[in-house]
Structures are given as structure tokens and as C-alpha cells.
Amino acid sequence: AQSVTQLGSHVSVSEGALVLLRCNYSSSVPPYLFWYVQYPNQGLQLLLKYTSAATLVKGINGFEAEFKKSETSFHLTKPSAHMSDAAEYFCAVSEKGQGFSFIFGKGTRLLVKP
Amino acid sequence: GAVVSQHPSWVICKSGTSVKIECRSLDFQATTMFWYRQFPKQSLMLMATSNEGSKATYEQGVEKDKFLINHASLTLSTLTVTSAHPEDSSFYICSATKGLAGVYEQYFGPGTRLTVT
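Quick mapping for you: the protein sequence lines, in order, are chains A and B. Count along the first sequence from 1, then add 2; that gives the number in our numbering. Count along the second sequence from 1, then add 1; that gives the number in our numbering.
In case anyone wonders, no lab produced these hints; they're calculated from the structure. Note that CB positions come from ideal geometry on N, CA and C, so glycine has one too. Honestly, I wouldn't trust all of these hints.
Not close to chain B: a few residues of chain A, all C-beta gaps over 10 Å, as computed [unchecked claim]: (1) 10; (2) 14; (3) 56; (4) 71; (5) 74; (6) 86; (7) 89; (8) 116.
To give an idea of the chain A side of the interface with chain B (calculated C-beta under 7 Å), a few residues [unchecked claim]: (9) 44; (10) 45; (11) 46; (12) 106; (13) 108; (14) 109.
This is chain A alone, in the form it adopts within the complex (with noise of 0.2 Å):
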């Protein structure tokens, strides 16, 4: 069974610091890893995903992940946060196989210090 576990529910950063969001995941099969950003009362926006291409992925906003299956870990990246990335982050994993069904992590809430 898949599973998708986000370390830290709250991260916090000053402005134009390093942003380290962290996404470690189960999968019997090559999985699809996905970022998604939401802003409140608001859907989700697709920052980024992983499906077996390249396994350092480039999104929107300046975010970037790296899949490191020895790890079994998809970290989201940013070298800069901005006080607009402050957000609530969810990592997500889709096994091949399995229909287009998501399972969500828990969810990390970034705050964003001027």
C-alpha cells in the first residue's frame, strides 16, 4: 500500500532563507510524486511531479524536488523563500497501476518571516 508521510507540519523561514520541505514515501511500484501549494479557502496548484522522467524536477515559483528512491524521499526545494511562498504544502503519491488515485500527506503549513 502507498503512503506519503510529510516531516514537520510547520516549517518556519525568514525571507530569502533556504526552504526545505520534506516528503518521504511508500510504494510497491514506481510511484508518481506530485507538490501541490494551497492557499487558504483556496484549491490546490500543482508546483511540480515526478513521473519517471528526469529525477530532479523543476516547478513553478522557483520550486524544485529531487526523487531519491534509495531514500524513498521527493524533498521540495526553494534557495530563497518569499513572503508570498507562505502556503500550506502537500506532497502526494500516485502508484502506475492504480487509476489516477492520489494519496495526500498531511500536509506542511510554511510561514515566511520578513
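Given the structure of chain A, go ahead and fit chain B onto it with the hints provided.
Chain B in isolation, oriented as in the chain A frame:
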């Protein structure tokens, strides 16, 4: 693009009444649509998966008679919360997929905030 809309964006209803939420794919045909429920400060929990023209598949623990899902066309799915109660108050989000081979992305709607008084 791949835009998904939901209507209404928020709704308040009285306990015992029914509420219908619409999910539309505006610029693509959605073979599969998903309905999620999100409680405050929590993650999304998949409620059901619906395919156009067939019965929805509900996740374990979701009452199919309470949460009626209809996917009558390739661009519209509806979720009806029947006999709503305060504990049904939540943020409901739908998503849709294009159903293309190799495309495993879900496109999310903006969500509907349901408050049952």
C-alpha cells in the same frame, strides 16, 4: 490549460436539507473526477472516484447514500450532500483527470466551503 471550476464556492444550509455541489472541467473532457473532503488544517481525504456514465466508487467509511455523486457528462460531476448535519461542514474539493495515457495529473477545483447550521 486545464481549468476546473466548482459551484458554489461557499454555501450555508440548515440541518436536514440537501446541498448540491457542481464540479466542471472547463476546457477539457474529464474521464475521471474525484471528490475530496478537507477539514480545517488537515489534509485532503478522498471520498469517491467517479467515471463518466458509471457509478462512483466510494472510499471505505464514506456513506454512499449520504454523499450522492453523479457524473453525467465528461465535463460535469455533482456531489449532493443529503440530509446535511453540522458534522458535514467541511471544505469539499473536486479534481479531474484528462484520462490521457501517461498523464497522471489531477486538476483541482477551487473548493466549496459547506457550513451546516
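Output the numbers, in ascending order, of every earlier hint that fails for this structure. Of the numbered hints given earlier, the structure breaks none, since each of them holds.
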